[in-house]
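Chemist: Model the full structure from these sequences, guided by the hints.
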Amino acid sequence: DSGVTQTPKHLITATGQRVTLRCSPRSGDLSVYWYQQSLDQGLQFLIQYYNGEERAKGNILERFSAQQFPDLHSELNLSSLELGDSALYFCASSASPGPATDTQYFGPGTRLTVL
Amino acid sequence: GENVEQHPSTLSVQEGDSAVIKCTYSDSASNYFPWYKQELGKRPQLIIDIRSNVGEKKDQRIAVTLNKTAKHFSLHITETQPEDSAVYFCAASYGQNFVFGPGTRLSVLP
Numbered sequence: 001d002s003g004v005t006q007t008p009k010h011l012i013t014a015t016g017q018r019v020t021l022r023c024s025p026r027s028g029d030l031s032v033y034w035y036q037q038s039l040d041q042g043l044q045f046l047i048q049y050y051n052g053e054e055r056a057k058g059n060i061l062e063r064f065s066a067q068q069f070p071d072l073h074s075e076l077n078l079s080s081l082e083l084g085d086s087a088l089y090f091c092a093s094s095a096s097p098g099p100a101t102d103t104q105y106f107g108p109g110t111r112l113t114v115l
Numbered sequence: 001g002e003n004v005e006q007h008p009s010t011l012s013v014q015e016g017d018s019a020v021i022k023c024t025y026s027d028s029a030s031n032y033f034p035w036y037k038q039e040l041g042k043r044p045q046l047i048i049d050i051r052s053n054v055g056e057k058k059d060q061r062i063a064v065t066l067n068k069t070a071k072h073f074s075l076h077i078t079e080t081q082p083e084d085s086a087v088y089f090c091a092a093s094y095g096q097n098f099v100f101g102p103g104t105r106l107s108v109l110p
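As you go down the protein sequences, you meet chains L and R in turn. Under the numbering used here, the first sequence has 2 at position 2, and the numbering climbs by one with no breaks. Under the numbering used here, the second sequence has 94 at position 94, and the numbering climbs by one with no breaks.
It should be emphasised that the hints constitute simulated quantities derived from the structure, not laboratory data. The reader is advised that the hints may include incorrect statements.
Said to hold, decoys possible - Restricting the straight-line Cα-Cα distance to at most 30 Å, the calculated cross-link-like pairs of lysine-lysine (DSS-like) are:
1) 42/R / 9/L
2) 9/L / 57/L
3) 57/R / 68/R
4) 58/R / 22/R
5) 68/R / 22/R
6) 57/L / 22/R
7) 22/R / 71/R
8) 22/R / 42/R
9) 22/R / 57/R
10) 42/R / 57/R
11) 57/L / 68/R
12) 71/R / 58/R
13) 42/R / 57/L
14) 42/R / 58/R
15) 57/L / 58/R
Modeler: Right under this line is the structure:
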């Protein structure tokens, strides 16, 4: 157990819908990273927050947004869902804001299925 | 931007043999290189990492080597066991985050 929690574990929804994925970082970690992993694909970095502020952006679609709250948990919002958004979504946390010399610990992931 | 290549994409070895996975990166500013193991449907788990001021690091059956000049780093697993079967990802630091390699699916045959 990495100490990073994610809810829900599974999510099944329809095209055009909106969902929210939640992540709580390890105790003491201020950075949260979101990744998308499609079937048999690598990990694509989406976005990073540090202590409530957006820190870095990767290949995140405009239909996706995220935020980090004062208690440091983070939410990833996915809207106007398409079939291709079906994937495993991981969050990871680390202590530092970067540069990335700090170990990232991954949560168990949320499996999103869009029908 | 940073580009990380990883080879081979699949690797099958007999139990007890060694396995080697190689990665190359493009950004000379990268200075931290973790390796993650991901079992089917589970989270990536850090197994070893190396920083740019070190050429080699070992942890029991796992070792990582780094050649900064050539911009490549490798994962070595000795005395492989069936439980080593998984997908292995290398990563290189890039600015605030990581760029991951595409992964290597390792199968250890009993």
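Chemist: Hints first: check each against the structure and report whether it holds.
Modeler: Hints versus structure:
no., hint, result
1, 42/R / 9/L, "11 Å, holds"
2, 9/L / 57/L, "24 Å, holds"
3, 57/R / 68/R, "14 Å, holds"
4, 58/R / 22/R, "16 Å, holds"
5, 68/R / 22/R, "13 Å, holds"
6, 57/L / 22/R, "27 Å, holds"
7, 22/R / 71/R, "11 Å, holds"
8, 22/R / 42/R, "23 Å, holds"
9, 22/R / 57/R, "15 Å, holds"
10, 42/R / 57/R, "26 Å, holds"
11, 57/L / 68/R, "27 Å, holds"
12, 71/R / 58/R, "19 Å, holds"
13, 42/R / 57/L, "25 Å, holds"
14, 42/R / 58/R, "25 Å, holds"
15, 57/L / 58/R, "33 Å, violated"
Violation of the numbered hints given earlier is confined to hint 15; every other hint is satisfied by the structure.
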